[in-house]
Amino acid sequence: MPSQSMAELRRRYLRHDKKFPHVWCPGCGNGIVLGALLRGIDRLALNKDDIVLVSGIGCSGRMPTYTDFNTLHTTHGRALAFATGVKLARPELHVLVVMGDGDATAIGGNHFIHAARRNLDLTAIIINNQIYGMTGGQTSPTTPYGSNATTAPLGHIEHAFSIAELAVTAGASFVARGTVYHATMLDRLISRAIGHVGFSVVEVMSNCHVQFGRRNGLGNAVQMLQWFKEHAIPLQPHDAKGTAEGAARMETALPPDSLDDRFTIGVLAERDKPNYIKEYDKIRHKADDKRPADAQDDRS
Amino acid sequence: MASPDQPRLLMQGNEAVVAGAIAAGCRFFAGYPITPASEIAELMATRLPAHGGTFIQMEDEIASIAAAIGASLAGSKAMTATSGPGFSLMQENLGFACIAEAPLVVVNVMRGGPSTGLPTSPAQGDIMQARWGTHGDHPIIVLATSSVADCFTLTVQAFNFAEKYRVPVVLLSDEVVAHTREAVRLPASDQVEVVDRVRPSVPPEWYIPYEDNSRGVPAMAAFGDGYRHHVTGLVHDQRGFPTQRPEEIDAFLRRLFRKITNGFYEIHMLRAFMMEDAEIGIIACGSVARSARRAVVMARQQGIAAGLVQLITLFPFPRQPLVAACSDCRAVLVPEMNMGQLSREVRRVLPDAIAIHKHNRIDGQLITPDELVKKLISI
Ligand SMILES: Cc1ncc(C[n+]2csc(CCOP(=O)(O)OP(=O)(O)O)c2C)c(N)n1
Ligand code: SF4
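Protein chains in written order, with the numbering used here: chain X, 549 to 848; chain H, 44 to 422.
Since the hints were made in silico from the structure, they are not lab data. Please note that a few of the clues may not be correct.
[Claimed, not checked] Computed footprint of chain X on chain H; a stretch qualifies when at least three of its residues, placed anywhere within it, have a C-beta under 8 Å from a C-beta of chain X:
{"hint": "1", "stretch": "111-120"}
{"hint": "2", "stretch": "131-144"}
[Stated by the list, open to error] Below, a sample of chain X positions facing chain H; criterion: calculated Cβ distance under 8 Å:
{"hint": "3", "residue": "P612"}
{"hint": "4", "residue": "R626"}
{"hint": "5", "residue": "T632"}
{"hint": "6", "residue": "A637"}
{"hint": "7", "residue": "L641"}
Don't be surprised by glycine CBs; every beta carbon is placed ideally from N, CA and C.
Could you put the whole structure together from the sequences, leaning on the hints where they help?
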């Protein structure tokens, strides 16, 4: 019976008996995303043995370590590529991938657009804190124009990617954006993404007050959450399916590419598209048909 | 693996690699096209689906090896194949396979380098890269194939070592071996010895994923088998979780080396040809070993007591077996299609009393038997 009490979720899904401390700063948005992920999984009543949580490298990348699933902490930027192999080898498993913005769109940008294009049934959760947290506040592909970072001490002169819009354009069949302020909505976006068959993306605007907020006059964790509240434009009620309405509102989708900018939250795209696993099954059948009976040994 | 009952088939080295992989139980291949390795991907795309396996063309070689490791962790026997530029891109994740102890076969069909180099010419410039290309101190197994028959046998062997020792195995081929057509009789599939990784036999709550044992190779659970565990590229303790404790770090990394050292006498493979009374031994691998074998026969006709030690396993480097094979030689000749990568290893292990001669060719052309005979005469 799914339970939403945090204490119960912690007991059920975290590796509480293991010896490590967690590495996240107090107030980090990563904790809220983890909570939303666990609630999303709990809502779907999935078996822990059937979940593989994959990550890359970064603060976000540490998330799998703490959760009691099959967990895989890969190399920087490559989580989706590893996940692709896991999913293809065991299609019945739910393969979830958590990445940072640098992880997913700088070093892993190529894997990201191709995973979206390919439409393999993976769920990508991208924690967009607009900075490199783990390595100490360097710019990422989502660092807003004009902001300060340790590698842009005099102001950033590049322009930011809008991750969710990038995913839509690259062909992901489910794309949503949420924030760590809108936590209930985030739970639902994540469980919808996991439930979606095909490549799904949830971009989560999150706070790294330590490496980003502090340096850019956005204050502490609470003040940053307030900022997300004020700058997010909900596209539709979070539990509505209305993608047509969402599409109509897409014009208001402003990429977060300057500190003053507002951005949309909600489901940006949801579409039916042949998914890779089903398509590959068809290939296997075709191959069986074409296979001569005497080719058992297969070496001609 | 002589198989007199089997039909004689005419095939290329790359084709035999695919046949070997499928016979060994490979059911996952991820790759990215590159000359002279592309036929391996193309044939995998054709054949794997009918065997219930999966082929995928990834966006690059970084993704290819990553997907193969992912599939391996999920329980499949997995392979990727590439050539120089792609092999360079794979290096970071090759190290991941070492530290995560993911069985994996990486075929590198060597072509001339550096960089884009000579895409359609053979070379042996990646011997040291295969051993040391990924960062950090690590053990790895590297095999070298020299014929179409070997491509089959050694691909099977590469999978067997990968599974048995939970280590990535690099199979070095080259443009000549890959594209030469030879008639071979391959063994029937029930005649192929296939080794599978040891899976845990304890109940999940007792499973310690990286627990040491006498072989130094822990039992390996697949994702989804009910043994929820953590896999990371960070140095980890026996449970698989990151550790900073010096005694755990040391024990873990030493085990990685120990498991390969323990298996040395099974892993090392070399072929001695006419070495019993040889005064000069040629030490060679890959397609150069083919010319060397011919050169030995030609030299013997001219009264030179030559012999050949063909190295099949390049790493762990077969120190004792090589020293034993060459102990009665006054000199050895190490021909290579590079400026001297094997010869350095040979120099490191042979006693000073044996003179070491090099013969290096880096013009994209095969080393011929004639030039080797000339060289033998001059020694
Ligand atoms: C190949 C490689 N290059 C660089 C690094 C160093 N590195 C570790 S995490 C990171 C960036 C982290 O930023 P992000 O992906 O946004 O995640 P966050 O820490 O903010 O969660 C970098 C550059 C690495 N581990 N591997
Ligand atoms: S550095 Fe930033 S992203 Fe990393 S744990 Fe701290 S607050 Fe979170």
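Here is how each hint holds up against the structure:
| no. | hint | verdict |
| --- | --- | --- |
| 1 | 111-120 | holds (count 9) |
| 2 | 131-144 | holds (count 3) |
| 3 | P612 | holds (7 Å) |
| 4 | R626 | holds (5 Å) |
| 5 | T632 | holds (5 Å) |
| 6 | A637 | holds (4 Å) |
| 7 | L641 | holds (5 Å) |
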